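Can you make the complete structure from the sequences, with help from the hints?
Protein chains in written order, with the numbering used here: chain F, 38 to 620; chain A, 2 to 254; chain D, 3 to 198.
Just to be clear, a hint being listed does not mean it is correct.
[Said to hold, decoys possible] To be clear about the criterion: a stretch of chain F counts as covered by chain A if any three or more of its residues have a C-beta under 8 Å from a C-beta of chain A, and this derived list gives those stretches:
(1) 120-132
(2) 286-300
(3) 382-393
(4) 436-443
(5) 524-530
Hints in this document: simulated from the structure, not taken from any laboratory. The structure displayed is predicted, hence computed values, not measured ones. In this text, a Cβ means the ideal position worked out from N, Cα and C, and glycines have one as well.
Next come the chains, spelled out residue by residue.
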Amino acid sequence: MDATTVNLHKTHDHHEESFIRKYVFSVDHKVIGIQYGITALIFLFFGFTLMMIMRWQLAYPGEPIPFISSWFSETSMPGGIMLPEFYNSLGAMHGTIMVFLGVVPLAVGAFGNYLVPIQIGAPDMAFPKLNMASYWVYFIGGIVMLVGFFVPGGAANSGWTAYPPLSNIATTGQTVWLFGMVFLITSSLLGSVNIIVTIIQLRAEGLSFMRLPFFVWGQLVTSFLLLLAFPPLEAAGVLQLMDRLAGTSFFMPSGLVVSGQVLEVSGGGSPLLWQHLFWFLAHPEVYVLILPAMGIIAEIIANNTRKPLWGYKSIVYSAIFLGFMSFIVWAHHMYITGMGTTINSFFQTTTMIISIPSIIILTSLMISLWGGSIRFNTPMLFALAFLPMFGIGGLTGLPLGLSASDIPLHDTYYVIGHFHYIVAPGTIFALFAGIYYWYPKVTGRAMNEFLGKIHFWFSLIFINGIFFPMFIVGLAGVSRRLYDGGASYAHAQDILYLNELMSVSAWLLGLAQIPFIINFFMSMFNGKKTEANHWQATTLEWAATPSPPVPHANFIEIPKVYRGPYEYSVPGHSTDFTPQNQA
Amino acid sequence: MLEKYLPVNISTHGGEIDTLLINLHYLMLVLFVGGIIFYLIALVKFRQKEGCKANYTGIKNTKIAVALALVVAVVELVFDVMYSVPIWANVTATFPEPKDALEVRIIAQQFAWNIHYAGPDGKFGKTDPKLIDETDNPLGLDREDANAKDDVTTVNQLHVPINKPVLVYLSTKDVIHSFSLPVMRVKQDAIPGMIIPVTFQATKTGEYQIACAQLCGLGHYRMVGFFTTHTQEDFDNWMSGQVEAAKASDSEW
Amino acid sequence: MQIPYTVEQRQDTGLINSKLGIWLFLASEVMLFGALFSSYILLRVGAIEWPRGAEILSVPIAFTNTMVLITSSITMVMAWASLMMKNFGKFKLYLGLTILLGITFLCIKGFEYNTKFQHGLFPSTNTFMAIYFTLTGLHVLHVIGGLIVNIYLWGPGAKMWKTEPEHFTNRVEVSGLYWHFVDLVWIFLFPVLYLL
Ligand code: HEA
Ligand code: HEA
Ligand code: CUA
Ligand SMILES: [Cu+2]
Chain F
38 MDATTVNLHK
48 THDHHEESFI
58 RKYVFSVDHK
68 VIGIQYGITA
78 LIFLFFGFTL
88 MMIMRWQLAY
98 PGEPIPFISS
108 WFSETSMPGG
118 IMLPEFYNSL
128 GAMHGTIMVF
138 LGVVPLAVGA
148 FGNYLVPIQI
158 GAPDMAFPKL
168 NMASYWVYFI
178 GGIVMLVGFF
188 VPGGAANSGW
198 TAYPPLSNIA
208 TTGQTVWLFG
218 MVFLITSSLL
228 GSVNIIVTII
238 QLRAEGLSFM
248 RLPFFVWGQL
258 VTSFLLLLAF
268 PPLEAAGVLQ
278 LMDRLAGTSF
288 FMPSGLVVSG
298 QVLEVSGGGS
308 PLLWQHLFWF
318 LAHPEVYVLI
328 LPAMGIIAEI
338 IANNTRKPLW
348 GYKSIVYSAI
358 FLGFMSFIVW
368 AHHMYITGMG
378 TTINSFFQTT
388 TMIISIPSII
398 ILTSLMISLW
408 GGSIRFNTPM
418 LFALAFLPMF
428 GIGGLTGLPL
438 GLSASDIPLH
448 DTYYVIGHFH
458 YIVAPGTIFA
468 LFAGIYYWYP
478 KVTGRAMNEF
488 LGKIHFWFSL
498 IFINGIFFPM
508 FIVGLAGVSR
518 RLYDGGASYA
528 HAQDILYLNE
538 LMSVSAWLLG
548 LAQIPFIINF
558 FMSMFNGKKT
568 EANHWQATTL
578 EWAATPSPPV
588 PHANFIEIPK
598 VYRGPYEYSV
608 PGHSTDFTPQ
618 NQA
Chain A
2 MLEKYLPVNI
12 STHGGEIDTL
22 LINLHYLMLV
32 LFVGGIIFYL
42 IALVKFRQKE
52 GCKANYTGIK
62 NTKIAVALAL
72 VVAVVELVFD
82 VMYSVPIWAN
92 VTATFPEPKD
102 ALEVRIIAQQ
112 FAWNIHYAGP
122 DGKFGKTDPK
132 LIDETDNPLG
142 LDREDANAKD
152 DVTTVNQLHV
162 PINKPVLVYL
172 STKDVIHSFS
182 LPVMRVKQDA
192 IPGMIIPVTF
202 QATKTGEYQI
212 ACAQLCGLGH
222 YRMVGFFTTH
232 TQEDFDNWMS
242 GQVEAAKASD
252 SEW
Chain D
3 MQIPYTVEQR
13 QDTGLINSKL
23 GIWLFLASEV
33 MLFGALFSSY
43 ILLRVGAIEW
53 PRGAEILSVP
63 IAFTNTMVLI
73 TSSITMVMAW
83 ASLMMKNFGK
93 FKLYLGLTIL
103 LGITFLCIKG
113 FEYNTKFQHG
123 LFPSTNTFMA
133 IYFTLTGLHV
143 LHVIGGLIVN
153 IYLWGPGAKM
163 WKTEPEHFTN
173 RVEVSGLYWH
183 FVDLVWIFLF
193 PVLYLL
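Shown next as C-alpha cells:
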C-alpha cells in the first residue's frame, strides 16, 4: 500500500486543472470515452424515438397521433396526421442517426476510446489532442444533423442511402445532411488513425499481437475499415454537394423531367456512380457495426464461462479476413440495378465467401461455452442472447446474398428484418452487455442485477416481436419505406395485421428501457461499491489498475504482460483466473 | 411451409426462384436448429455449479468445427454456382426474339407507371421530352410521327396475354424507381438515363399489382399500378379497343 | 506521464507514433482521391463526347504550376535536412520558400480559375468542367491545409526547436510527407485533366 501511494505521487504531476479542461475539453481518453458514450446513448434514444413515432403511422395509417401531436409543426403533422414527407424524413434520419451517431460512436468512440488503452497497458491514446478534436467534430456533426429538422422542407428525406437523382432534387435538408456527414466522416478518420496507432505503438511490454484481447482486435480491424472505406463516401458527398450547390450533374443524366419540367442541367452523369461509392463505404460500415460488438461478446463470454475462448487464433484470422473481404462485396446491394450476369456472379460469390468467417467466429464463440462454468449475470445474458440473434440476422443474409433469391426480397421488409436482427438484438444487445460489464470499471460501482434482468428479458421478447414478423411481411412482397405500411398493396392484405403487432412491440420495447435508464443513473450513486477486479477477469484493465483507473496515466505502474488474454481455470492454479500481468 | 407466405406465383420462371428460396430456408433452419440445440445443452450442462471448475481446453476435437465450416462453405457455393447464377442468367439475361414477344415500353415517373404499346404496326412512335405534358401526354409522344398513330398509352394499366413472352423496355423520367411484380417474381430498378430490358411470361389470368420497390419520394407508397393478365383472345380485344380509342382522340388533335 | 515513442522509435515496430499516423492518414487520402479518379474514369467512359483538356485548359499555366509544386517539395526536403544538420537558420529559409511557393501555386490557380469564369466556364457547364473544378478545388483545399501547418511550423511552432529539437524535426518531417503527397496528387491531376 505504501509503495502505491508513493508511486501515485510520483506520476501525478500536481497542477490543478480547471473544470473545463478536465471535463469538457479534456484530452484524457477516459473522459473523452465517457463524453462519446453519453452523447451516443442520447442519440440512440433519439433515433429510437423517431422510430416509435413512425411506427404509429405504420400501425394506424392516416390516424392522428395521440398525446404528442402538439409537439410537431403543422408542416409535418397537420392535425396530428403525419405527412408522407415527414415519414420519409423520420426514416432517413432514423437510419443515419442509429448508424453514424449512435452505434459507431458508442462502439468505437466510447468503448474503443475508454478500453483500448487500458486493455493494452498504455497511458493514453497516442494523440490525445486529436482524440479531443475527433469528439468535438462528431458533436458538431450531430448538431448539424439535427439542424436539418428545422430547415424549410424538413430533414433529409431520401433514405439513409441518399440515392440521387432523388436526393439531388430534394429539399435543403439534404444539403444539411451532407454537411453533417462530412463532419462525421472527418471525426471517424481522426478517431481511427488514433486507435490504430495506439494499438500498434503503445502495447505494454510482452503484449504481442496474439496476446491482445479479442476486443482490441475488433477495434483494430474496425478502425482500418473506417479509415479506408469512409473516404470514398466523402468523395461521393463532395460530388453530391457540387450537384446540389454548384449545379453540376455528376449523378444526373440529361433529359430528366421532374413534375413536367425538363431539368436544366448539363447532364452526362451517372446515378449508379453514387451507389457504387456509397456501398463501397456502407458495406464495410456494417462490419464496423458488428466487429466491436463481437469483441465485447468475446470478452464477456470468456470471463463468464471461466475458460479461454475456443479457437482464439481462428477468430482473429477470421476477423482480419472479414475486414479484407468486406471491400469486395459492396455491389450485393445493387443486384437489381441491372449490372449484368458477370458482375452479379462475382459479387454473389464474394458474398458467400464472406459469410464463412462470420460463421467461424460465431461457431467458435458457441463452442467456447462447452466445458465452461457459466455464470448467468446480466452482461452474460445479453452476450448469450447475441449469439442466436446474430445467427438469425446472418442466416437471412444468405438468401439476400444470392442474386436470384434476392429478386423477390430486395427492398422489402425482409431486408429490414435481416439487418435489424444483426444491429438491434445483435449490436445493441452487445453494447448493453458491455455497459453492464464495464460500468464497475468506469464508476467503481456495480449496476443493479435485478433491474438488469428485467431489462434483459423484456427487451428480448419485444425486440423479437418487432423484427421477426418483418420476414413474413417481406416474403409477402411488401416494399420498405412505405408510408402506409403496405395498406395499398392487394397482395399484402393478409399480413397487414402484423404491422400493429410490430408497432406495439416497439413501444413496449421502449418501456422496457426504463429500468435500464433508472439503473444507469441510480447506480452512479447507489450502486454497490466494487473492488478493482469486479468480475475476476484476466485482462489488464481489470487486473492492473483500480476501478475507476488512475486518472492521469491509467496505471500506477505500466504493467508487463506474461501470458495470453483469457487464462481462466488454468490447470494447477489455485484461483480460476490468471491475470495477464501475473509473472 | 414458406410457400404459404409468398404471393401466388403466376410466372413461368417464378417456380425456380421459389424453390431456391425455400431450399435456402431449409439450410438456414438446419443450421439454426442445430446451433440452438448445441447452445441450450451447453447452457444447461455447464452452468456454474458449486465445486466444479471449468475445463481449460474445452472441446479438443478441432476437426468437427473445420468440417462444419467446410461443409457450409461447399453448400453455399453449390447454391451459388449451381442454382443462383444459372437462374439469374435465365431470368434476367435471356431475352425472347422481339417478334415472338409482346413489346412494351414502361416509363416510370413520380408516382405512376406509364405504359406504352406499339399498337398493330409493332413500331413505337417517337418521343421527345419537350412535348411532355403531364395531363395529356405524359410520355411526350410525337403524334405527328406515323408510327405513333396507332400507339396505345395508358397510365398504371399493364395488360399482357398469358403464355406469351413479354419484353419490357424499362426507363424512368425522373428518379430511380423499381418495377416490381410480386406475383411474377420480377423486380428491376428503373435507372435514369438507361433503358433496361425485362422479360417474363405469365401463366394464369387475373388482376394483380405493380409495386414500386425503391424510395422515389413522398408518393412512393401509392405508386401502385394494375397488372392484368388475359387470355390471348381477351388481350387482343382489349388492345383493339384501346387502338380505336387512341385513334379517336388523335383525330380530335 | 508522457506518451512513449513520440521521439524515439519503438523497438519492434521501428516507428514513431506520428510517422505511423501520417502514413495511415495518407492511406485514407489515397482512397479519397482514388475514389474521385475512379469516378472520373467512369464518367468519361460513359460519356458520349469528352473534350480534350488541352483545348479548354491552359497547359503552359498548369505546367508552370507543376514546376512550382515540385520545387516546393524540394525546398521542403531541404528544410527538414537543415534541421537534421542542426542549421536552424537555413531551415527558416527553406521552409519560408516552401510556403512562398505554395502561395504562388494558389495565386496562379486563382488566376486560372478566374479566366475560366471570364470565359463562361463553370462547374455546371459540362461534366468535364465539373470534374475539373471538383478535383482541383479539393486539391487546393489540401494545399491550403498544408500551408497552414507549414506556416505554424515556421512561425509560432518553431519555438519548439529550443526545447525539444528532435520532436520538432519529426514534426517537420511529417508535415513534409503530407506536402509531398499533395504534390503527388497534382502530378496525377496534371496529365489526367490537361493532357489526356
Ligand atoms: C452489422 C450489420 C450487418 C451484417 C453483419 C451483415 C451481414 C451480412 N449481410 Fe447484410 N445488411 C446490413 C447489415 C449487415 N449485414 C444492412 C444495414 C443492410 C441494408 C442496407 C439498406 O439497404 O438500407 C444489409 C443488406 C444486405 C444485402 C442487400 C439486400 C438487398 O438490399 O436486397 C445483402 C445481400 O447480399 C446482405 C448480405 C449479408 C450477408 C451475406 C452477411 C453475412 O456476413 C452474414 C454471415 C453470418 C452468418 C451466415 C450467420 C451464421 C449463423 C450460424 C452458423 C447459425 C448459428 C446458430 C445459432 C447461434 C443458434 N445484407
Ligand atoms: C444501427 C442501426 C439501427 C438500429 C440499432 C435500429 C434500431 C431499430 N430500428 Fe431501424 N433502421 C436502420 C438502422 C437501425 N435501426 C436503418 C439503416 C434503416 C433504413 C433507413 C432507410 O430506409 O433509409 C432502418 C429502418 C427501420 C425501419 C423501416 C422503416 C421503413 O422502411 O419505412 C423500421 C420499422 O420498424 C425500423 C425500426 C427499428 C426499431 C424498432 C429499432 C429498435 O431496435 C431500437 C432499439 C433501440 C434501443 C433499445 C436503444 C435504446 C437506448 C437507450 C435505452 C439509451 C438510454 C439512454 C441513456 C442511458 C442516456 N428501422
Ligand atoms: Cu416509385 Cu417508389
Ligand atoms: Cu452489404
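Status of each hint after checking the structure:
1. Residues of the segment 120-132 of chain F with a Cβ under 8 Å from some Cβ of chain A number 4, which satisfies the need for three, so the listed coverage holds.
2. Counting residues of the segment 286-300 of chain F whose beta carbon lies closer than 8 Å to any beta carbon of chain A gives 10, which reaches the threshold of three, so the coverage claim holds.
3. Counting residues of the segment 382-393 of chain F whose CB lies closer than 8 Å to any CB of chain A gives 7, which reaches the minimum of 3, so the coverage claim holds.
4. Coverage of the segment 436-443 of chain F by chain A holds. Counting CB-CB distances below 8 Å, 5 residues qualify, and the rule asks for three or more.
5. Check result for the segment 524-530 of chain F against chain A: holds, 4 residues qualifying (beta carbon to beta carbon below 8 Å, three or more required).
Checked against the numbered hints above, the structure violates none of them.
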